[in-house]
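**Student:** Take a look at the letters that make up each chain.
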Amino acid sequence: MADKKQVTIHNAPKATWNKETLSEIDYKASNGKYRIRGCGSPRPMPKFDDLMILPSQLTRMPIDTYREDCETRTVLGARFAKKPLIIETPVMIAGMSYGALSKEAKIALAKATKLVGTVISNGEGGILPEELENSYRQSVQILASRMGFTRRNMEVADMLEVLYGIGAKPGLSGHLMGEKISEEIAEVRKIPIGIDLHSHPRAGDAFGADDMVVKMQQLREMTDWETPIFCKIAAGRVRDDIKIAIKLGFDGIILDGCSAGTGAAPVMATDHLGIPTMPALVAAVRTLEEMGVKEEMSLIVSGGITNGADLAKALAIGADAVAIGTAAMVAMGCRVCMNCQTGKCAFGIGTQDPELRQNLDVDEAAERVANYIKAITAEAVLLAKSAGKTKLKNLEREDLRALTLEACAMTGIPLVGSDLVIGKGFGFSADNGL
Amino acid sequence: MEYLDLAKVENEKVNVLIKDKLKESNELVLKNVNSMHNICAGLSGDCRVTIEDSTGLYTGSFLEGPTLRIKGNVGWYAGDDMMSGELIVEKNTGCNIGAYINGGTIVIYGNTGSRVGYGMKGGNIIVCGSAGRWAGVMAMGGDLIILGALGKECGESMYSGKIFTRDPEAESKMGGNVFYDTITAAETEKLDHLFSQYEIAADGKDFHVIRPVLSGRHEYALFKPDLKPELAKKYFVKRG
Numbered sequence: 001m002a003d004k005k006q007v008t009i010h011n012a013p014k015a016t017w018n019k020e021t022l023s024e025i026d027y028k029a030s031n032g033k034y035r036i037r038g039c040g041s042p043r044p045m046p047k048f049d050d051l052m053i054l055p056s057q058l059t060r061m062p063i064d065t066y067r068e069d070c071e072t073r074t075v076l077g078a079r080f081a082k083k084p085l086i087i088e089t090p091v092m093i094a095g096m097s098y099g100a101l102s103k104e105a106k107i108a109l110a111k112a113t114k115l116v117g118t119v120i121s122n123g124e125g126g127i128l129p130e131e132l133e134n135s136y137r138q139s140v141q142i143l144a145s146r147m148g149f150t151r152r153n154m155e156v157a158d159m160l161e162v163l164y165g166i167g168a169k170p171g172l173s174g175h176l177m178g179e180k181i182s183e184e185i186a187e188v189r190k191i192p193i194g195i196d197l198h199s200h201p202r203a204g205d206a207f208g209a210d211d212m213v214v215k216m217q218q219l220r221e222m223t224d225w226e227t228p229i230f231c232k233i234a235a236g237r238v239r240d241d242i243k244i245a246i247k248l249g250f251d252g253i254i255l256d257g258c259s260a261g262t263g264a265a266p267v268m269a270t271d272h273l274g275i276p277t278m279p280a281l282v283a284a285v286r287t288l289e290e291m292g293v294k295e296e297m298s299l300i301v302s303g304g305i306t307n308g309a310d311l312a313k314a315l316a317i318g319a320d321a322v323a324i325g326t327a328a329m330v331a332m333g334c335r336v337c338m339n340c341q342t343g344k345c346a347f348g349i350g351t352q353d354p355e356l357r358q359n360l361d362v363d364e365a366a367e368r369v370a371n372y373i374k375a376i377t378a379e380a381v382l383l384a385k386s387a388g389k390t391k392l393k394n395l396e397r398e399d400l401r402a403l404t405l406e407a408c409a410m411t412g413i414p415l416v417g418s419d420l421v422i423g424k425g426f427g428f429s430a431d432n433g434l
Numbered sequence: 001m002e003y004l005d006l007a008k009v010e011n012e013k014v015n016v017l018i019k020d021k022l023k024e025s026n027e028l029v030l031k032n033v034n035s036m037h038n039i040c041a042g043l044s045g046d047c048r049v050t051i052e053d054s055t056g057l058y059t060g061s062f063l064e065g066p067t068l069r070i071k072g073n074v075g076w077y078a079g080d081d082m083m084s085g086e087l088i089v090e091k092n093t094g095c096n097i098g099a100y101i102n103g104g105t106i107v108i109y110g111n112t113g114s115r116v117g118y119g120m121k122g123g124n125i126i127v128c129g130s131a132g133r134w135a136g137v138m139a140m141g142g143d144l145i146i147l148g149a150l151g152k153e154c155g156e157s158m159y160s161g162k163i164f165t166r167d168p169e170a171e172s173k174m175g176g177n178v179f180y181d182t183i184t185a186a187e188t189e190k191l192d193h194l195f196s197q198y199e200i201a202a203d204g205k206d207f208h209v210i211r212p213v214l215s216g217r218h219e220y221a222l223f224k225p226d227l228k229p230e231l232a233k234k235y236f237v238k239r240g
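Chains as they are written, first to last, in my numbering: chain E, 1 to 434; chain G, 1 to 240.
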């Protein structure tokens, strides 16, 4: 009898034991610790692409795409603040720290806001004077670490953000790896050069919502009730968190979905914490409506916004504006290599290396970011006009339909073609009034 | 010197009244504060305010310049984000006093709760009595001087700054990423100067310093197994 040959199967598809899994296990086996990654999660998440916008036809008139106006000016934080923030496009630059980003990148982003008339958030680690000098409007974050934060920061803020969490690593503090703690960053943040920074996870001046009620009174007195005060929360228990934010008296909420980016975070956190931006936004809007404050309280959403369709659909669901982070970096040249934590960004964006920083042309980067914001605002305008709107903010959920059963169930927006609503409706009845 | 009786004043209107009164005199005494919150929050300028009883939360937050003396007890978060000036408490305080202070001096003649000097970035905090857990946790600057007993996890993950202690058990109460060190002559001199200024009976030479580890990287353990191999069943099985 002839010997049977042993058959080896090459390149068989492996659902669990794929290259990424093996690499993860090897890393942990070698180092006894978990992996840190930049940018955010590569996992597929539900997206605004799962919704479609209904165009106007016989039921309503379309607005001329090229010759008629569609207002984009956006007013934020008018609930209690005497001087609400007015920006020309509902697209703001999200909080990204000087430290995670180079000085050149921060200046470029600030300059871009001046070209399009929007606001930039400073992120952790204080305000870079050059950012403040070049920004159109400045939002200042009040973080649990207060690195670089003083009374002076509040005095120059057009908007304040009390930060409770970020979407990419909710429940965790800021991570800035030692490779990025240069002498200058160390001086601004008052930390040693080259140390891995795991900043403060909880605010040391408000342990819980009860204390925050009193803290809010303090912040209002400090700002003479002029500056809009927002809270930034990561999407988790959205309904409960939003209810508390309403009770605390914030002027608005920045809701960061788990599709958001960051300079560095444990892989486990970015991949497994939080809920995606689109369903989080729906939950937030439902809660604001339930509490009767939807019209007075501003809602900014962030996490994975890439184009004008995302913007238009977010506004239609009920957001007042969106914040962009990774997309603005990509506009500057970032290719999303997801190695921001190493500080070796070849594009001069996510690095503090003096040589690498020279790779970013500040003015060119500013123009590219401004162009990108102009383009996505124009895309949203195009969609809004097609839906018959003369104001971007007039987009409404009735203009939307869900492409998939999952999107329909998550949002309560009817499934295309069927007018079927699964689960809890979102202002639609099961038969959609038919 | 001016007086202000706050017995019938709403909490939200107190600081406006205080600022108005300070336009008439730079010395002011507040009566019947009755533990109201946010007293003197954001107060600035060259003035002296004395509170005759106790205060609630956030006393003297963002203080910039004034000397604020409280004769009673003080609630949580007093002096948070303070810029400069003095905050003097004659009795005891709640927790998280001096969180994030940038400058100035806080003196507590009694005891204080947990997390005094949380994330402090500058200035001085002197506690004449004992302090609760996590004193100076994640501090980024400044000097925290504790004359009495320390709580556990003192100085955990400080990035910068110093904690001065004369607690004989200090080494066993320290948090991670800090070390216990002897005091330098310059530091002793600074302490003696502060003790003299605030009439505190203490000698700088009796103190040691808890300092942050500045080289290398902070170490954390998210998994802390308590290994007791001798308790395994196999060791009790008679063989043969």
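Treat the hints loosely; a few may be bogus.
Result set (DSSO-like, lysine-lysine): computed pairs, CA atoms no more than 27 Å apart in a straight line [claimed, not checked]:
1. G/Lys228 / E/Lys247
2. E/Lys28 / G/Lys228
3. G/Lys19 / E/Lys82
4. G/Lys190 / E/Lys82
5. G/Lys23 / E/Lys33
6. E/Lys83 / G/Lys224
7. E/Lys33 / G/Lys19
8. G/Lys228 / G/Lys205
9. E/Lys83 / G/Lys19
10. G/Lys224 / E/Lys82
11. E/Lys28 / G/Lys224
No wet-lab data here; the hints were simulated from the structure.
**Student:** For each hint, tell me whether it holds in the structure or not.
**Tutor:** Comparing the hints with the structure gives:
Pair hint G/Lys228 plus E/Lys247 does not hold up; C-alpha atoms about 50 Å apart against a cutoff of 27 Å. The hinted pair formed by E/Lys28 and G/Lys228 meets the criterion: a straight-line CA distance of about 24 Å does not exceed 27 Å. About 21 Å separates the Cα atoms of G/Lys19 and E/Lys82, which keeps this hinted pair within 27 Å; it holds. Between G/Lys190 and E/Lys82 the alpha-carbon distance is near 46 Å, which puts this suggested pair outside the 27 Å criterion.
For the suggested pair G/Lys23 and E/Lys33, the alpha carbons sit about 60 Å apart, so the restraint of at most 27 Å is broken. Distance hint between E/Lys83 and G/Lys224 is unfulfilled; the C-alpha atoms sit about 51 Å from each other, more than 27 Å. Distance restraint check for E/Lys33 and G/Lys19: the Cα-Cα separation of roughly 54 Å exceeds the 27 Å cut-off, and the hinted pair is therefore not satisfied. Restraint check for G/Lys228 and G/Lys205: not satisfied, since their Cα atoms lie roughly 43 Å apart, outside the 27 Å limit.
Proximity of E/Lys83 to G/Lys19 is assessed by CA-CA distance (about 23 Å); at most 27 Å being required, the pair is judged to hold. For the given pair, G/Lys224 sits about 51 Å from E/Lys82 by alpha-carbon distance, which is inconsistent with the 27 Å threshold. A hinted pair counts as satisfied when its Cα atoms are at most 27 Å apart, and E/Lys28 with G/Lys224 qualifies at roughly 17 Å.
Comparing the model with each numbered hint stated earlier shows that hints 1, 4, 5, 6, 7, 8, 10 do not hold.
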